[in-house]
Amino acid sequence: MNTTFKNSKRQLALIFLLMFGALLIVGFFQSWNLMLAILNLCLISAIMSLGVNLQWGYAGLFNAGIMGFAALGGLAAMLVAKAPVIGAWQAGGFSILLGIFIWLISGFIAFFLWKRLKGRGKRQFWYVLLIVGLGYIISRFVLDPAILRIEAFEPSSSGYLGGAGLPILLSWAIGGLLAASVAFVIGKITLGLRSDYLAIATLGISEIVIFIFKNEDWLTRGVKNVTGIPRPVPYEIDLQSAIWFQNSSELLGVGVIQASGLFVKLCYTSLFLVVLLFLLWLCERALNSPWGRMMRAIRDNEIAASAMGKNVTSRHLQIFVIGSAIVGIAGAMLVTLDGQFNPTIYHPLRFTFLIWVMVIVGGSGNNLGAILGGFVVWFFWIEAEIIGNGLVYILTFPLSESSSLKAHFISTAPQLRLLIMGLVLLLFLRFAPRGLIPEKTSNKL
Amino acid sequence: MTFFAGKDMYAGYGASMILNGCSISVDKGKIAVIVGPNGAGKSTAMKALFGMLPLKKGSVTIQGKDIVNLRPEQRVMLGMAYVPQTNNVFPSMTVLENLEMGAFVRFDDLSRTIAEIFELFPILKTKQEQAAGELSGGQRQQVAVARALMTQPKILMLDEPTAGVSPIVMDELFDRIIDIAKTGVAVIMVEQNAKQALQIADSGFVLVQGENKFTDTGAALLENSSVRQAFLGG
Amino acid sequence: MIDIVNAITLLANYIIVPSLAYGSQLALGALGITMVYAVLRFSNFAHGEIMSFGTMISIFMIWLIQSLGISIQPLPTALLALPFSIIATIILLLGLDKVVFRYYQNQRVQPVTFMIVSVGVMFFLAGLIRFFIGTSKKNFDDGERFIIKASEFKQITGLAEGLSIRTTQAITVIVTLLLVTYIFWFLNKTKTGKSMRAFSDNEDLALLSGIKPNQVIVITWVLVGILASVAGTLYGLDKGYKPFVYLQLVLPIFAAAIVGGVGNPLGAVLGGYIIAFSEAFITFAYKRFLTYLVPEEWAPQGLVQMLSTEYKFAVSFVLLVIVLLIKPTGLFRGRTL
Chain A
3 MNTTFKNSKR QLALIFLLMF GALLIVGFFQ SWNLMLAILN LCLISAIMSL GVNLQWGYAG
63 LFNAGIMGFA ALGGLAAMLV AKAPVIGAWQ AGGFSILLGI FIWLISGFIA FFLWKRLKGR
123 GKRQFWYVLL IVGLGYIISR FVLDPAILRI EAFEPSSSGY LGGAGLPILL SWAIGGLLAA
183 SVAFVIGKIT LGLRSDYLAI ATLGISEIVI FIFKNEDWLT RGVKNVTGIP RPVPYEIDLQ
243 SAIWFQNSSE LLGVGVIQAS GLFVKLCYTS LFLVVLLFLL WLCERALNSP WGRMMRAIRD
303 NEIAASAMGK NVTSRHLQIF VIGSAIVGIA GAMLVTLDGQ FNPTIYHPLR FTFLIWVMVI
363 VGGSGNNLGA ILGGFVVWFF WIEAEIIGNG LVYILTFPLS ESSSLKAHFI STAPQLRLLI
423 MGLVLLLFLR FAPRGLIPEK TSNKL
Chain B
58 MTFFAGKDMY AGYGASMILN GCSISVDKGK IAVIVGPNGA GKSTAMKALF GMLPLKKGSV
118 TIQGKDIVNL RPEQRVMLGM AYVPQTNNVF PSMTVLENLE MGAFVRFDDL SRTIAEIFEL
178 FPILKTKQEQ AAGELSGGQR QQVAVARALM TQPKILMLDE PTAGVSPIVM DELFDRIIDI
238 AKTGVAVIMV EQNAKQALQI ADSGFVLVQG ENKFTDTGAA LLENSSVRQA FLGG
Chain C
4 MIDIVNAITL LANYIIVPSL AYGSQLALGA LGITMVYAVL RFSNFAHGEI MSFGTMISIF
64 MIWLIQSLGI SIQPLPTALL ALPFSIIATI ILLLGLDKVV FRYYQNQRVQ PVTFMIVSVG
124 VMFFLAGLIR FFIGTSKKNF DDGERFIIKA SEFKQITGLA EGLSIRTTQA ITVIVTLLLV
184 TYIFWFLNKT KTGKSMRAFS DNEDLALLSG IKPNQVIVIT WVLVGILASV AGTLYGLDKG
244 YKPFVYLQLV LPIFAAAIVG GVGNPLGAVL GGYIIAFSEA FITFAYKRFL TYLVPEEWAP
304 QGLVQMLSTE YKFAVSFVLL VIVLLIKPTG LFRGRTL
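Residue numbers (this note's numbering), protein chains in the order written: chain A, 3 to 447; chain B, 58 to 291; chain C, 4 to 340.
Keep in mind the hints are simulated off the structure, nothing from the lab. No residue lacks a Cβ here, since even glycine has one placed at the ideal position from N, Cα and C. Be careful, since some hints might not be right.
If the Cβ cut is set under 8 Å, some of the chain A residues that face chain C in the computed set are [stated by the list, open to error]:
| hint | residue |
| --- | --- |
| 1 | 22 |
| 2 | 197 |
| 3 | 199 |
| 4 | 417 |
| 5 | 421 |
Derived DSS-like pairs (lysine-lysine); straight-line CA-CA distance at most 25 Å [claimed, not checked]:
| hint | chain 1 | residue 1 | chain 2 | residue 2 |
| --- | --- | --- | --- | --- |
| 6 | B | 85 | B | 64 |
| 7 | C | 315 | C | 245 |
| 8 | C | 141 | A | 408 |
| 9 | A | 124 | C | 330 |
Let the hints inform the model, and build the full structure from the sequences given.
Listed below in structure tokens is the structure:
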């Protein structure tokens, strides 16, 4: 038993070393700036993958709505850090609040009606629908004119309500909370469903969330993007003009402009690393607690666990909320890093399923595996472009330089990375279904 | 020589053995009944006879010809038919379609066989366009048996055909089974209702822990005091 | 009186005709998904990309046929290309079955694992398709644009409202009608079709009855190939082909299948129309419609729209969630697993 355990540890160290080596190669041969940019996104991917691993690896829940939760986290970052737009608030802020209040009221009434009318069959459903519908219609009367006024306020620069003007680091927690509360509602609705319905339902709901962000300009500026979100780290420009920074970069023999870029990225790296390590520590503790053992028991045999009196659905809800919160945190971090909120980047194929590849490649059920998966898959996702280009170069070699077909394939070569990722996922599922670092199963040691 | 026989069968799931040298046999036109306590391996014996569970040791023969290496669908072609205990109909399909599916391996005209079956189970004729899943338990069992008869089998195997049906329906089903045997079919069935089943049995096999504890004619087993005490409730 | 006719024409022009076409496309897609679910027992996320693949082949064939100077005006060349697209899609699916899906079928893995496999296939196909045809929008409708134009309709009938029917819409509905009729005839009247239903109903008993699983699975993929390539091509013909859209299309298609009751072919078809019509009814602005029907002084000020058009897509998910909550087996009783 000891040998297998040692082997997996050695394997773990080896793969992490390889990963590190690959990053160093990028640093030496491409650029250190690129290397740090990749590393930062690797860290964020690793956190998301950690959250998904909680849901899938610990509880067997297929959440296909990852991008929805990441977008919620991103929204939180934007809303926390951006300064409020006073004019827009004056134009329609009160009506917006009133509208939301009406929603809440109708929601509460509907909720209590739902409880009260339980067992009355169809009546229950129609009454609740009526209340929700009424609330919606009334709120529209309040909201519509207010939204028009807000969106008309300096539309080229704002046209939305802005945020709270608080430090952005706060938003990482708030993003987690926001994602968690939405996950609670979604989980309540969908967790009773069988596993593949859950996937479809979560994918659908996350699409709705992203749709709202794209279209409710008063809240998010829609597809016009919110840029210039304040940073938790210094700006390059400030660094370049600071005497101490000029001196120290000279000491290291690096150009000031390059050094400032590296320094900023390194600041992000250390912030992200702290969050990642903290979450990893929490997840590891949770995994090895009685709670974590129970989770895995439920995952491995739901029927037996529920027969032993474990409330499966409420456990699932817990882990769904926690996992989604972690994804929300990562989403907030992503917007912090980018400095802008753009709802169109939350694309399910590119990202939701990419995170799934991370978890499966890394080894579902194993936190370190999930993190490693985040690193490896993101790294290859970025570098697959080079692989794709190389492949196309080889494949189209026989074609003449001026051939339009060759030009076409070179222009579509970036798409090959989707193909490569699909292939990687399929190969892992088939030949290494337990991933790079398999779950530690105590009963098999 | 018996028409159909499994001899000294050893079989099980994984490392645990369930059948430890059990032997079952039946002749044309006869009814053989397998009884025994829970976990004695009755259903396992049926599965082994039908080839759904590979034998570790022993033989299964039809007219002396060894069929132990044949897959279940190949045994269907040789004239065997099997009615599982549960999930033994196609619930969303009509009674008539169930019968047609029973005859999937046949490519000749089915109308005569269907007419014969409707004669045997008149209730099915009136319900032929109804989905099998909507029928009562007893009627569903009739559909299940009828489906198996569609291949015009020489050997009919029934796994607890009367499970979950009322006593009246049970008697009715047993009458049908006697009718089927009279047409020359060899019938093997597993039964919980041991007493009633042994009454219609030509031969009975009492299994305990995967071994034949008693093997005799049905009537003789009913007379046997130790069988009565241990398995038939006095 | 004339006002009522005008109001109905308005609805027909903006809701009924487009929804019939869109609903047909969804119905064909949902029928494919539901068949995979019924026989192979997993939710096939790759279905949108399979449709996309079929459409891509159609487009390549159309380019080839056009370059040969063959045309069937006023009908679009796509109808000539369709058989080739069907064959190519079937070959693709049988290949995928052999190389990818069959292994998991034999392992009898959990449906959710199977679904993740289909996500891998989706990725792979998406990359392949975009690599070959690029990501830009392609219009390949080269037939007569309209059966009847709104202006002509106004001229003939003298109504204030026009009704336009595009050729692609009519073709979509007719082809769907023929194909769906064929599929239902096949499933209910042929021995092979019945054996598919039997396999879907009770796999073990199907095996006992001598039904060959291999045959059932192959035929299922063949039918799915026909359905997917036709659905994809019709959608592209009607709305233009953009590879990216087909990934999103898989969601309303799933919604249609689930609303109708997953695994139930009739439900899938009806579900397609339910989704299409609800999307249109909920996002339609009823202002002009009401203006025809109520006295002038009651005429509404606003657009009288339940949801703005941008949310058209979201309607299907909301419907999906509601159905899952109220009746998870779907409106027409699907498999309950």
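Legend entry - Violations among the numbered hints: Hint 1 contradicted; others consistent.
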